[in-house]
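Asker: This is what each chain is made of:
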Amino acid sequence: DVKVTQSSRYLVKRTGEKVFLECVQDMDHENMFWYRQDPGLGLRLIYFSYDVKMKEKGDIPEGYSVSREKKERFSLILESASTNQTSMYLCASSLVERPISYNEQFFGPGTRLTVL
Amino acid sequence: GIQVEQSPPDLILQEGANSTLRCNFSDSVNNLQWFHQNPWGQLINLFYIPSGTKQNGRLSATTVATERYSLLYISSSQTTDSGVYFCAAGAGGYQKVTFGTGTKLQVIP
Chain A
1 DVKVTQSSRY LVKRTGEKVF LECVQDMDHE NMFWYRQDPG LGLRLIYFSY
51 DVKMKEKGDI PEGYSVSREK KERFSLILES ASTNQTSMYL CASSLVERPI
101 SYNEQFFGPG TRLTVL
Chain B
117 GIQVEQSPPD LILQEGANST LRCNFSDSVN NLQWFHQNPW GQLINLFYIP
167 SGTKQNGRLS ATTVATERYS LLYISSSQTT DSGVYFCAAG AGGYQKVTFG
217 TGTKLQVIP
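Top line first, the protein sequences correspond to chains A and B. The working numbering numbers the first residue of the first sequence as 1 and each following residue consecutively. The working numbering numbers the first residue of the second sequence as 117 and each following residue consecutively.
Hints listed in this document are in silico derivations from the structure and should not be mistaken for laboratory results. Backbone N, C-alpha and C define an ideal beta-carbon position, used for all residues, glycine too. Warning: the hint list may mix true and false statements.
[Unchecked claim] With the C-beta cut set under 10 Å, the calculated list includes, among others, these residues of chain B facing chain A: (1) Phe151; (2) Asn161; (3) Gly216; (4) Thr217.
[Stated by the list, open to error] Computed far set for chain A versus chain B, every beta-carbon distance over 12 Å: (5) Val12; (6) Phe20; (7) Asp26; (8) Gln37; (9) Arg44; (10) Lys53; (11) Glu56; (12) Gly63; (13) Tyr64; (14) Ser65; (15) Leu116.
[As the list claims (entries may be wrong)] Label-pair restraints from in silico Cβ distances: (16) B/Arg174 <-> A/Glu79: 27 to 33 Å; (17) A/Arg112 <-> B/Asn172: 28 to 34 Å; (18) A/Glu79 <-> B/Asn134: 32 to 38 Å; (19) B/Pro125 <-> A/Pro61: 32 to 38 Å; (20) A/Ser67 <-> B/Asn134: 45 to 51 Å; (21) B/Tyr189 <-> A/Gly16: 47 to 53 Å; (22) A/Glu56 <-> B/Tyr189: 31 to 37 Å; (23) B/Arg174 <-> A/Ser82: 40 to 46 Å.
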């Protein structure tokens, strides 16, 4: 079974702090994703990575950056946390199949971040 | 990008009842997934179904790609089925998907 883990279930930070959210997957997946989930808005893609050191902006990248130094690990960084970044953060990974025929994403348990 | 709409937004069922959740998407897709989010926030994969029909126990799903919709059927609902059901659809490279805003299901005894 695919296992995606996230470093913290709950996190409380202060405005202006630098915040690191870590995600690790154990299935050698090429693609990794960071989403945030807010009530009534579903999940929105922040950034994704399709290979080591590669990254692409998602729909709401402002205020965030990412790092992927190893294939199994994808980090989300809040350079200077703000209260509007209080949210649930979910990481996912997927395998690349060629031709593209199976694109299932698997999710970690999520990190509930509160910025005071 | 692809737009994804789910209906209904909220649903209350008596235990044992059946239900159908709908997901409409705005363009052709090569990725369509259904998830159940449990009360602890974990997204559980239900179906990967860009086309066709699949069944898993009391749950089944059908995607009619040419008409751009997918349906999730829950039969003989149980209280443990409560939670939010999300549909996610995508097309093109890098396997990006767009999520709908979900259907919140409450099954009452």
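Asker: Run every hint past the structure and note whether it holds.
Answerer: These are the hints, each one checked on the structure:
Interface restraint check: B/Phe151 against chain A, minimum CB-CB distance 8 Å, threshold 10 Å, status holds. Proximity of B/Asn161 to chain A holds as hinted, the smallest CB-CB distance being about 7 Å (cut-off 10 Å). Taken as an interface hint, B/Gly216 checks out: its beta carbon lies about 6 Å from the nearest beta carbon of chain A, inside 10 Å. At about 4 Å, the closest approach between the beta carbon of B/Thr217 and any beta carbon in chain A falls short of 10 Å, and the interface hint on this residue holds.
The beta carbon of A/Val12 sits about 16 Å from the closest Cβ of chain B, which is more than 12 Å, so the claim that it is off the interface holds. The non-interface label for A/Phe20 is consistent with chain B: the shortest C-beta to C-beta separation is roughly 20 Å, beyond 12 Å. For A/Asp26, the non-interface assignment is confirmed: its Cβ lies about 16 Å from the closest Cβ of chain B, beyond the 12 Å cut-off. Non-interface call for A/Gln37 relative to chain B: violated, since the shortest CB-CB distance, roughly 8 Å, does not exceed 12 Å.
Distance check for A/Arg44 against chain B: the nearest CB is about 8 Å away, which does not clear 12 Å, and the non-interface claim fails. A cut-off of 12 Å between C-beta atoms confirms that A/Lys53 is not in contact with chain B; the least separation is 15 Å. Remark: the non-interface label on A/Glu56 conflicts with the geometry, its nearest Cβ contact in chain B lying 7 Å away (cut-off 12 Å). For A/Gly63, the condition that its CB be more than 12 Å from all CB atoms of chain B holds, with the nearest at approximately 20 Å.
No beta-carbon of chain B is positioned within 12 Å of the beta-carbon of A/Tyr64; the least distance is around 16 Å. Here A/Ser65 stays apart from chain B, with its beta-carbon at least about 18 Å from theirs, past the 12 Å limit. No beta-carbon of chain B is positioned within 12 Å of the beta-carbon of A/Leu116; the least distance is around 20 Å. At about 46 Å, the CB distance of B/Arg174 to A/Glu79 disagrees with the hint of 27 to 33 Å.
The beta-carbon spacing between A/Arg112 and B/Asn172, approximately 29 Å, falls within the hinted interval of 28 to 34 Å. With their beta carbons about 49 Å apart, A/Glu79 and B/Asn134 fall outside the hinted range of 32 to 38 Å. Take B/Pro125 and A/Pro61: their Cβ atoms lie about 27 Å apart, and the range 32 to 38 Å is violated. At about 46 Å, the CB distance of A/Ser67 to B/Asn134 agrees with the hint of 45 to 51 Å.
For the pair B/Tyr189 and A/Gly16, the beta carbons lie near 49 Å from each other, so the given range of 47 to 53 Å is met. Take A/Glu56 and B/Tyr189: their Cβ atoms lie about 35 Å apart, and the range 31 to 37 Å holds. The supplied range of 40 to 46 Å is met by B/Arg174 and A/Ser82, whose beta-carbon atoms lie about 43 Å from each other.
Hints 8, 9, 11, 16, 18, 19, counting from the list given before, are not met by this structure.
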